[in-house]
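Chemist: Model the full structure from these sequences, guided by the hints.
The working numbering applies: residue 264 is where the sequence shown begins, and numbers increase by one.
Don't read these hints as lab results, they were simulated from the structure. Do not rely on the hints blindly, as some may be mistaken.
[Stated by the list, open to error] Label pairs and their calculated CB-CB ranges:
{"id": "1", "residue 1": "329", "residue 2": "302", "range": "14 to 24 Å"}
{"id": "2", "residue 1": "281", "residue 2": "330", "range": "10 to 20 Å"}
{"id": "3", "residue 1": "322", "residue 2": "302", "range": "28 to 38 Å"}
{"id": "4", "residue 1": "315", "residue 2": "335", "range": "26 to 36 Å"}
{"id": "5", "residue 1": "322", "residue 2": "301", "range": "33 to 43 Å"}
{"id": "6", "residue 1": "308", "residue 2": "337", "range": "10 to 20 Å"}
{"id": "7", "residue 1": "331", "residue 2": "301", "range": "12 to 22 Å"}
Ideal Cβ placement from N, Cα and C applies to all residues, glycine included.
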Amino acid sequence: MPARPAFATAQLVVTEIFANPRGNEIPGEFIEIYNPNPTPVNLKGLEVLLVNGAGNAVYTTIDLSPGGTLDPMGYLVIGPPNLAV
264 MPARPAFATA QLVVTEIFAN PRGNEIPGEF IEIYNPNPTP VNLKGLEVLL VNGAGNAVYT
324 TIDLSPGGTL DPMGYLVIGP PNLAV
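Modeler: See the structure below:
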(Lines of atoms letter the chains of each structure in order from A and count residues from 1; the text may use other names and numbers.)
(Lines give C-alpha, C1' and ligand atoms only; values in the text may rest on other atoms or scores of the structure.)
Protein backbone atom coordinates (compact mmCIF):
# COMPACT_ATOMS: atom_id res chain seq x y z
CA MET A 1 0.00 0.00 0.00
CA PRO A 2 1.49 3.41 -0.94
CA ALA A 3 2.17 5.97 1.79
CA ARG A 4 -0.45 8.67 2.21
CA PRO A 5 0.48 12.38 2.29
CA ALA A 6 0.63 13.81 5.82
CA PHE A 7 -2.56 15.88 5.41
CA ALA A 8 -4.56 13.50 3.21
CA THR A 9 -7.26 12.78 5.78
CA ALA A 10 -7.34 16.27 7.28
CA GLN A 11 -7.54 18.11 3.95
CA LEU A 12 -5.40 21.00 5.16
CA VAL A 13 -3.09 23.12 3.01
CA VAL A 14 0.32 24.54 3.92
CA THR A 15 -0.06 28.04 2.49
CA GLU A 16 3.15 29.74 3.59
CA ILE A 17 6.54 28.85 5.03
CA PHE A 18 9.00 31.51 6.15
CA ALA A 19 12.28 29.92 7.17
CA ASN A 20 15.78 31.21 7.75
CA PRO A 21 15.19 34.97 7.60
CA ARG A 22 18.26 37.19 7.75
CA GLY A 23 19.56 38.19 11.12
CA ASN A 24 18.12 36.55 14.21
CA GLU A 25 16.41 33.60 12.55
CA ILE A 26 14.21 31.98 15.16
CA PRO A 27 11.83 34.86 16.07
CA GLY A 28 10.74 35.32 12.45
CA GLU A 29 10.26 31.74 11.27
CA PHE A 30 6.70 30.45 10.81
CA ILE A 31 4.45 28.01 8.97
CA GLU A 32 0.87 28.89 7.97
CA ILE A 33 -1.77 26.17 7.53
CA TYR A 34 -5.21 26.77 5.97
CA ASN A 35 -8.46 24.80 6.24
CA PRO A 36 -10.24 25.26 2.88
CA ASN A 37 -13.18 23.09 3.98
CA PRO A 38 -16.70 24.22 4.97
CA THR A 39 -16.36 22.19 8.20
CA PRO A 40 -13.86 22.31 11.08
CA VAL A 41 -10.87 19.95 11.00
CA ASN A 42 -9.84 18.14 14.18
CA LEU A 43 -6.09 18.57 14.71
CA LYS A 44 -5.79 15.66 17.15
CA GLY A 45 -2.99 13.33 16.12
CA LEU A 46 -1.62 15.63 13.40
CA GLU A 47 2.03 16.67 13.42
CA VAL A 48 4.34 18.89 11.41
CA LEU A 49 7.81 17.42 10.95
CA LEU A 50 10.72 19.79 10.36
CA VAL A 51 13.40 18.09 8.29
CA ASN A 52 17.04 19.04 7.76
CA GLY A 53 17.40 19.32 4.00
CA ALA A 54 21.09 18.39 4.10
CA GLY A 55 20.61 15.02 5.78
CA ASN A 56 16.85 14.43 5.55
CA ALA A 57 16.70 13.96 9.32
CA VAL A 58 13.68 15.12 11.34
CA TYR A 59 14.95 17.65 13.89
CA THR A 60 11.66 18.88 15.35
CA THR A 61 8.15 17.45 15.62
CA ILE A 62 5.29 19.89 16.28
CA ASP A 63 2.12 18.33 17.68
CA LEU A 64 -0.97 20.17 16.39
CA SER A 65 -3.32 18.44 18.87
CA PRO A 66 -3.26 21.33 21.42
CA GLY A 67 -4.83 23.52 18.71
CA GLY A 68 -8.10 21.57 19.04
CA THR A 69 -9.84 22.19 15.74
CA LEU A 70 -9.18 24.51 12.83
CA ASP A 71 -12.29 26.46 11.86
CA PRO A 72 -13.70 26.36 8.32
CA MET A 73 -11.68 28.68 6.07
CA GLY A 74 -9.43 29.27 9.10
CA TYR A 75 -5.68 29.64 9.42
CA LEU A 76 -3.20 28.26 11.94
CA VAL A 77 0.20 29.93 12.27
CA ILE A 78 2.98 27.88 13.85
CA GLY A 79 5.94 29.82 15.17
CA PRO A 80 7.82 30.87 18.28
CA PRO A 81 5.85 32.33 21.22
CA ASN A 82 7.02 35.89 20.48
CA LEU A 83 5.96 35.81 16.81
CA ALA A 84 3.84 38.83 15.87
CA VAL A 85 1.17 38.05 13.25
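Chemist: Would you mind marking each hint as holding or not holding in the structure?
Modeler: To see whether the hints hold, each was checked on the structure:
no., hint, result
1, 329 with 302: 14 to 24 Å, "20 Å, holds"
2, 281 with 330: 10 to 20 Å, "19 Å, holds"
3, 322 with 302: 28 to 38 Å, "33 Å, holds"
4, 315 with 335: 26 to 36 Å, "34 Å, holds"
5, 322 with 301: 33 to 43 Å, "36 Å, holds"
6, 308 with 337: 10 to 20 Å, "18 Å, holds"
7, 331 with 301: 12 to 22 Å, "18 Å, holds"
Of the numbered hints listed earlier, not one is contradicted by the structure.
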